[in-house]
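Student: The chain contents come next:
2 protein chains.
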Amino acid sequence: MEITITKTTNPKKKPDKNNLVFGTVFTDHMFIMDYEEKRGWYNPRIVPYGPLQLEPACMVFHYAQETFEGLKAYKTKEGKIQLFRIQDNMKRLNQSNERLCIPKIDVDLAVEAIKTLVKVDQDWIPKMEGTSLYIRPFVIGTDNKIGVRPSSTYKFMVILSPVGSYYKEGIRPTKIYVEDKYVRAVPGGVGYAKTGGNYAASLKAQKEAKEKGYSEVLWLDGQQRKYVEEVGTSNAFFIVDGVAYTSPLQGSILAGITRNTTITLLKEMGIQVREERFTVDQLFQWHEEGKLEEAFATGTAAVISPIGQLGWKDKVAIINNFEIGKISQKIYDSITGIQNGTLEDKYHWITQLS
Amino acid sequence: MEITITKTTNPKKKPDKNNLVFGTVFTDHMFIMDYEEKRGWYNPRIVPYGPLQLEPACMVFHYAQETFEGLKAYKTKEGKIQLFRIQDNMKRLNQSNERLCIPKIDVDLAVEAIKTLVKVDQDWIPKMEGTSLYIRPFVIGTDNKIGVRPSSTYKFMVILSPVGSYYKEGIRPTKIYVEDKYVRAVPGGVGYAKTGGNYAASLKAQKEAKEKGYSEVLWLDGQQRKYVEEVGTSNAFFIVDGVAYTSPLQGSILAGITRNTTITLLKEMGIQVREERFTVDQLFQWHEEGKLEEAFATGTAAVISPIGQLGWKDKVAIINNFEIGKISQKIYDSITGIQNGTLEDKYHWITQLS
Ligand SMILES: Cc1ncc(COP(=O)(O)O)c(C=O)c1O
Ligand SMILES: Cc1ncc(COP(=O)(O)O)c(C=O)c1O
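Those protein sequences? They're chains B and W, same order as listed. So in this note's numbering, spot 243 of the first sequence is number 233, and the numbers just go up one at a time. So in this note's numbering, spot 55 of the second sequence is number 45, and the numbers just go up one at a time.
Some hints could be false.
Where chains are identical, the list cannot tell them apart; a pair therefore holds if satisfied intra-copy or between any two copies.
Result set (DSS-like, lysine-lysine): computed pairs, CA atoms no more than 30 Å apart in a straight line [unchecked claim]:
#	residue 1	residue 2
1	K281	K171
2	K7	K28
3	K257	K3
4	K81	K281
5	K67	K281
For the record, the hints were derived by calculation from the structure and aren't laboratory data.
Whole structure, please, built from the sequences with the hints as guidance.
Tutor: See below:
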């Protein structure tokens, strides 16, 4: 299928590159492709960024049949444009689609669509350190029908947003609250899928944590509310006596691409990685015993967020003096170095635009 | 706040009243009201039914911050228009809103909005037995921002659809599959809220049950996958040795309005109602012992759906010879009688439009 391109005749003013707020400004173009049961996916096209016209009966407003992805494009010092692990994101989109009864999308076509779109809007990619072009592919069910069933029509879209860093704090340590009232996901559910409902379900916990002075929550497992799962929209790592612990992928957490990248880099550094379940009790015990050396969250948006403080009920654990740990910094430098082209791409994570 | 009315100049052709398919045709008008953080809810209006213009960055497409309700308007033989338990639906909408960090909506204003809209489109209410006007109020988060946080803008809308019965089978008994692979909800989650994510999460189980020849799934609890919870988009009742059992409201199932209505009517009939947890093992044991006399699902769409067969792993339980049970029929007749005005409205469930 050929991707058609219709360019805007009315380009927007670009935002102040020193003051980019995550996800608030979008570029001049977007990608759209439609799906109908009989035709499959059709009409892949790049068009000027603009509103969708959808009937109020459209399924996505009622039954949230929707999936998304998040990845970034970076500009190197030499002006080359790099995408990070794009194939993996598109494969994960299909895993989410599978769970949500959304028809799969050809990975090569999706990659081509993103490459083409980023090229069309390449002047929007900011160059300063820590900045990038955030890429948001997403799929929505678009049947104009009320009644719970998978949609028979869909739209796959990609929009782009020039971004600074996700957290206001940048790579400064964050305060994370251990959530024991609300639950995000459970095995057999949709926790491993990037689907809107998981995020809607997380808003209240996040809001209450913010009211307590924390920036995000650490989710516990939904069955027993004792095993550590993930942090907000990131995966979580804990360095205990030189060993890295992170929750295993058992269906309730997202298989983060930064998580996978981090595991590879930790191993390369000679650090043992244990993908094992452990309880929040255990975590606080490690802390009391002085064994919890570092903690950090991993995700596309912020790459690495050191966790400087954990709050749980009436307990508070300050980790590594609320300072950025050596390993956290090393992993951050390695990943961002590969992303912005200053470090070698040993693992073939980069796709360059020609 | 005054509700403004702009009538269509281009009324649609009404559908064939003998062949109404649930949720596929919408009336000439809709209700909309907007929300902004500083203004609160504003500009309540009835306008011609038509598409929404939303940016692709609109929150509802990404994080599913959305809630909805479902209720019906009925036309009596005398031509009066009746709404059933509308206040309860609007209170439940606010419970869902609370969980999803959506600002509350004044119940009286919402009721007024629905009454006014139904009146404007009253010619669309079908009159034949079993038919009604389905009312779908819903709220969506509309900030054009990527990043997980509650939206600061919303739309509350109401659309209307003339409907026949929900299941093709009408009040004929259905086959229900006991789902033990997928999970719908867990305490601490959003199972008690009418929010899109719950329905998106249910699609795959429903699809696989249909492939096995069943029309819906019976959900088990998400923690241990053994306690009986609800059926598809209905609550479930089981008559065992003359006593009615239904799952208690503990945060993972929807507090169905038909469930509550049914409990009231069962008690009026002198039937003991136990809102208690029970396992699917227990249910099949009751069946083996010949004590499971009837089973039925309750919900606005189909009112009462007798359960004629339960499938669980390799077991099959045929209930009441796959016939409509006496109690199921009685409850169905009572509820529909009150709804369509042929029975007395003892409990003040009806709101008549003047
Ligand atoms: C729930 C959740 N967990 C973890 C992550 C981290 O995944 P990744 O490293 O692929 O960005 C994300 C998002 O990006 C997420 O939404
Ligand atoms: C999950 C779920 N359970 C139960 C019900 C039944 O509730 P009500 O009787 O209020 O229609 C519904 C829907 O309407 C539902 O979506």
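Student: Tell me the numbers of any earlier hints that the structure contravenes, in ascending order.
Tutor: 3, 4 and 5
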